[in-house]
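Participant: Each chain is listed here by its residues.
Protein chains: 2
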Amino acid sequence: MKTLNLDLGEKSYPIYIGQNLLNQKELLTNHISGKQVMIVTNTTVAPLYLAKVKTLLSSFTVAEVILPDGEAYKTLDTLNTIFTALLEVRFDRSSMLIALGGGVIGDMTGFAAASYQRGVDFIQIPTTLLSQVDSSVGGKTGVNHALGKNMIGSFYQPKCVVIDVNTLDTLDNQQYSAGLAEVIKYGLLGNADFLTYLQNKVDGLMARDKGLIIEAVYQSCFDKADIVAQDELEAGKRALLNLGHTFGHAIENTLGYGVYLHGEAISVGMLMAAKLSALEGFITDKEVQQVEYLLQKVNLPITISSKIDYQDFMAAMSVDKKAIDGEIRLVLMKKIGQAFISNDYQQHNLEQTIKDFL
Amino acid sequence: MKTLNLDLGEKSYPIYIGQNLLNQKELLTNHISGKQVMIVTNTTVAPLYLAKVKTLLSSFTVAEVILPDGEAYKTLDTLNTIFTALLEVRFDRSSMLIALGGGVIGDMTGFAAASYQRGVDFIQIPTTLLSQVDSSVGGKTGVNHALGKNMIGSFYQPKCVVIDVNTLDTLDNQQYSAGLAEVIKYGLLGNADFLTYLQNKVDGLMARDKGLIIEAVYQSCFDKADIVAQDELEAGKRALLNLGHTFGHAIENTLGYGVYLHGEAISVGMLMAAKLSALEGFITDKEVQQVEYLLQKVNLPITISSKIDYQDFMAAMSVDKKAIDGEIRLVLMKKIGQAFISNDYQQHNLEQTIKDFL
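Protein chains in written order, with the UniProt record's numbering: chain A, 1 to 358; chain B, 1 to 358.
Hints listed in this document are in silico derivations from the structure and should not be mistaken for laboratory results. Glycine included, C-beta positions come from ideal geometry on N, C-alpha and C. Among these hints, one or two may not hold up.
Once the Cα atoms are required to be at most 30 angstroms apart in a straight line, the calculated BS3-like pairs of lysine-lysine come out as [what the hints assert, rightly or not]:
id, chain 1, residue 1, chain 2, residue 2
1, B, Lys11, A, Lys159
2, B, Lys286, B, Lys307
3, A, Lys237, B, Lys25
4, A, Lys159, B, Lys35
5, A, Lys237, A, Lys52
6, A, Lys25, A, Lys2
7, B, Lys52, B, Lys35
8, B, Lys237, B, Lys307
9, A, Lys355, A, Lys334
10, B, Lys355, A, Lys11
11, A, Lys2, A, Lys35
12, B, Lys159, A, Lys11
13, A, Lys52, A, Lys2
14, A, Lys237, B, Lys355
15, B, Lys286, A, Lys35
16, B, Lys286, B, Lys237
17, A, Lys35, A, Lys54
18, B, Lys210, B, Lys25
19, A, Lys237, B, Lys35
20, A, Lys11, B, Lys2
21, A, Lys25, A, Lys54
22, A, Lys35, A, Lys52
23, A, Lys307, A, Lys237
24, B, Lys35, B, Lys25
25, B, Lys25, B, Lys2
Residues from chain B that keep clear of chain A, each with C-beta distances beyond 12 angstroms, as calculated [claimed, not checked]:
id, residue
26, Asn23
27, Leu294
28, Thr303
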């Protein structure tokens, strides 16, 4: 097992990464100070891992809430289902929430923990590659609004993150590839060596070699923890983690949530960011092609599947959380492995990039 | 104008108290760093003060959302109305929310600010006595759940609080009395001198003498700010501010929100806390009668208007946020002007107190 510490002062917490971690109850119980534990999971994950996690918690009062699976359910209404479950069993401010599932479960459980009785503890047990390398680490929690993704939420840190890569055994290939999109992102935005590593090991990763997966998850979490520790509330550097996300969110928002998996939308979004970076003269067309090649190699989309109206796409981009007073800020690449935040790009280059993809 | 500072390190903020403050635009504008301002108010307050506040903000992009009035609308659904309004005008993370209204508006606007794009700034302009002396100060924000009051929310501090006591000119007598319940609370829980002052000045306060009102609001905010500065997240001392509230919330919850105003329920709740304190031998029956006399003198209820089932009442008390692992903690009075938190009372004394009132 590898342990990473996300350094946030009093809010610091460990991230445990390895195989068979769902057999080690102290990874959870060492972080639970009260007696009441609510496991939040979904209809897909519950049959696979709920019983296993419950056996680790035999000394606590354990309740569970099983939500429908999917980004479409990442709403205030579903959040209220969690509150109702907590209140029906009269759980109080000393209770602990455990998020058992992918990013949607993690984001909603985290926001529920942030908001239930103005804040209770929670633990992340991410069971998808995407959530293991991204959403479970760093404390971004929340739900979607009909008019925008992740528009409602909070920065709220878990007590620990338990990443058992064996849970990926039950993850289908499409979901696995979607997770690799965020892994590749860390290489593109700040770690050229890691990107080279991924390019070299891509066949092994696609064959799901456990050693390679642990290494990729560890390096991704390491890079993310490093950035989050410097800028928890996204006042500056943390926004780099949104490479591909302003484009990607606009794709998800205009196509409708669920047409693309989040990682798939981010794949196209990263390629759009790369193409705009090339139009702006920062990287070469050949480097864009290398990005495109790697994304294709891990079975990620590099085009938008349906026609989207340009104005709709721009409108969706302008509500992105990185916008300031209406201006769209984008994460671009100065070179491969070095991203930066820009509001200084040529508008016609942005327009050309978008139109090339629509 | 009197200015109080609530000392919370980086989150510190001023509380301005006086007459005609809604004519002084810099009290607001000095605290607004972006360009977009959303005023959140309700159908009762909007015709009275919305235009006035908007004239102060002529240099900003101003939008408004006018909610239905009443505790019954303090819900996640209404909160979503605020998010929709913000997203429809594409307000971003640099936007400012202004709560213009009573406690319900303040609590919801604060929670909306805490949660919109994971946190934007907000300002409190409380227009009821209750919100001026209680909910606008200290950063408790949130909404109710069908199964419990204020069960969903966050600790989130405003940038400033602007208390123009002239807004009380449009407050009806019932609402004014409800506000005095919280004023009296500060005397009972920690300031015997202030309680004596209120007993001496009660006729002037009921005649709405502006000088007395400013003094009473200032002292209430002073006492609250002092406690909040010591314990922002209610890990200890802050719970003293809930004197009468565990009983009061159970009254509101079992009767149904809206039967009693919050301050009215707290009036009965404080009297219940006083009676239990007497049964426990801390204060005398005569002192209980003095509390009862003062509450009656300001036209507050001292009994519960409808029959409530004992088991229902106990169940409502046990979901109170001060409960820990299911145990009900209560704020009792060691003596008049000195409250403390107890889980060490005789169960039969609690039972007798409740049954005396049901």
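Participant: Is the Cα-Cα distance between A/Lys237 and B/Lys25 30 angstroms or less?
Facilitator: 35 angstroms, violated
Participant: Mind checking the alpha carbons of B/Lys11 and A/Lys159 for me, to see if they're no more than 30 angstroms apart?
Facilitator: With a Cα-Cα distance of about 24 angstroms, the restraint between B/Lys11 and A/Lys159 holds, given a limit of 30 angstroms.
Participant: Between B/Lys286 and A/Lys35, is the straight-line Cα distance small enough, at 30 angstroms or below?
Facilitator: 42 angstroms, violated
Participant: A/Lys237 and B/Lys35: Cα distance at most 30 angstroms?
Facilitator: Measuring from Cα to Cα gives roughly 23 angstroms; hence the hint holds.
Participant: Has the given pair, A/Lys35 with A/Lys54, been kept, meaning a C-alpha gap of at most 30 angstroms?
Facilitator: With Cα atoms ~14 angstroms apart, A/Lys35 and A/Lys54 stay inside 30 angstroms; holds.
Participant: Minimum C-beta separation from B/Leu294 to chain A exceeding 12 angstroms: can you confirm that?
Facilitator: 31 angstroms, holds
Participant: Checking one constraint from the list: CA of A/Lys2 to CA of A/Lys35, max 30 angstroms. Satisfied?
Facilitator: 28 angstroms, holds
Participant: Decide if the proposed pair is consistent with the structure: A/Lys355 and A/Lys334, CA atoms, cutoff 30 angstroms inclusive.
Facilitator: Measuring from Cα to Cα gives roughly 22 angstroms; hence the hint holds.
Participant: Under the criterion that the straight-line Cα-Cα distance not exceed 30 angstroms, is the pair A/Lys35, A/Lys52 satisfied?
Facilitator: Between A/Lys35 and A/Lys52 the Cα gap is close to 19 angstroms, so the pair holds against 30 angstroms.
Participant: At 12 angstroms, judged by beta carbons, does B/Thr303 keep clear of chain A as stated?
Facilitator: Since the minimum Cβ distance to chain A is about 28 angstroms, B/Thr303 lies beyond 12 angstroms and the statement holds.
Participant: Quickly compare the C-alpha distance for B/Lys237 and B/Lys307 to 30 angstroms and report which way the hint goes.
Facilitator: 33 angstroms, violated
Participant: Given the hinted pair B/Lys286 and B/Lys237, is their alpha-carbon gap at most 30 angstroms?
Facilitator: 27 angstroms, holds
Hint violations for this structure: numbers 3, 4, 5, 8, 10, 14, 15, 20 and 23, all remaining hints satisfied.
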